[in-house]
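> Sequence:
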Amino acid sequence: MDADHNRLIATLIATGTVAEITYRPLRVRVLIGQRVTDWLPCIQPAAGKVRIWSPLSLDEQVTVFAPSGDLGNGIVLRGLPSDAIPSPSDNPDEFVIDFPDGARVFYNHATGALSATGLKTANVEGSESATVDFPKANFTGDVHVGGTLTVEKLLTYNGGMSGRSGEGGKTVIKGDITHEGGKLSSNGVVVDDHDHGGVQRGGENTDGPNK
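Using UniProt numbering, read the sequence shown as starting at 1 and increasing by one per residue.
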């Protein structure tokens, strides 16, 4: 074989690092040895009716497949960890996605633990319904409900309760109410501990309660 054939065979499959990126369309130039390729298309996880956008990063290690050894027609395959950008885990039980801002999506299929950490905001939007089905769920921060809240079982609160009458200007509770401990007040009158003025024997009514 002559030198040209050897060069073509050597470049059929080559490993390098991303040197430049353009995003529309997604193209990269790859540094292979001392040579930088032309702008090459990149393989994405999915590019049909289901599409996934995951742009490459500078210095990311990639493999270039070059039909006939012509790097000008190469296709870039990503996903090779390197010493400069190592894999985010070495645990065979883990699925991990690390983002450059510190956010992380983590699932351990041995323990069944899923976590998404380091997020600033999160938004899930749909047009019909959503179900979260766990025996227990904890919310450690404030929760705002913009629509109607329906509680099918016991409602327990530990930090007090405050609010205003809703639509129609009233609050309606149906069924028995039991109050134990503390004082129950209405417009400044303690319901279980107040007296009345104008008390007389006979059929006269008393005055209103003393505040």
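Some hints here could point you the wrong way.
Unchecked claim - Listed next, the in silico DSSO-like pairs over lysine-lysine satisfying Cα-Cα at most 30 Å (straight line):
{"id": "1", "residue 1": "120", "residue 2": "136"}
{"id": "2", "residue 1": "170", "residue 2": "153"}
{"id": "3", "residue 1": "174", "residue 2": "153"}
{"id": "4", "residue 1": "170", "residue 2": "183"}
{"id": "5", "residue 1": "153", "residue 2": "136"}
For the record, the hints were derived by calculation from the structure and aren't laboratory data.
The model shown is predicted, which means the values in this text are computed figures rather than measured ones.
> In ascending order, which of the hints set out earlier in this document are inconsistent with the structure?
none
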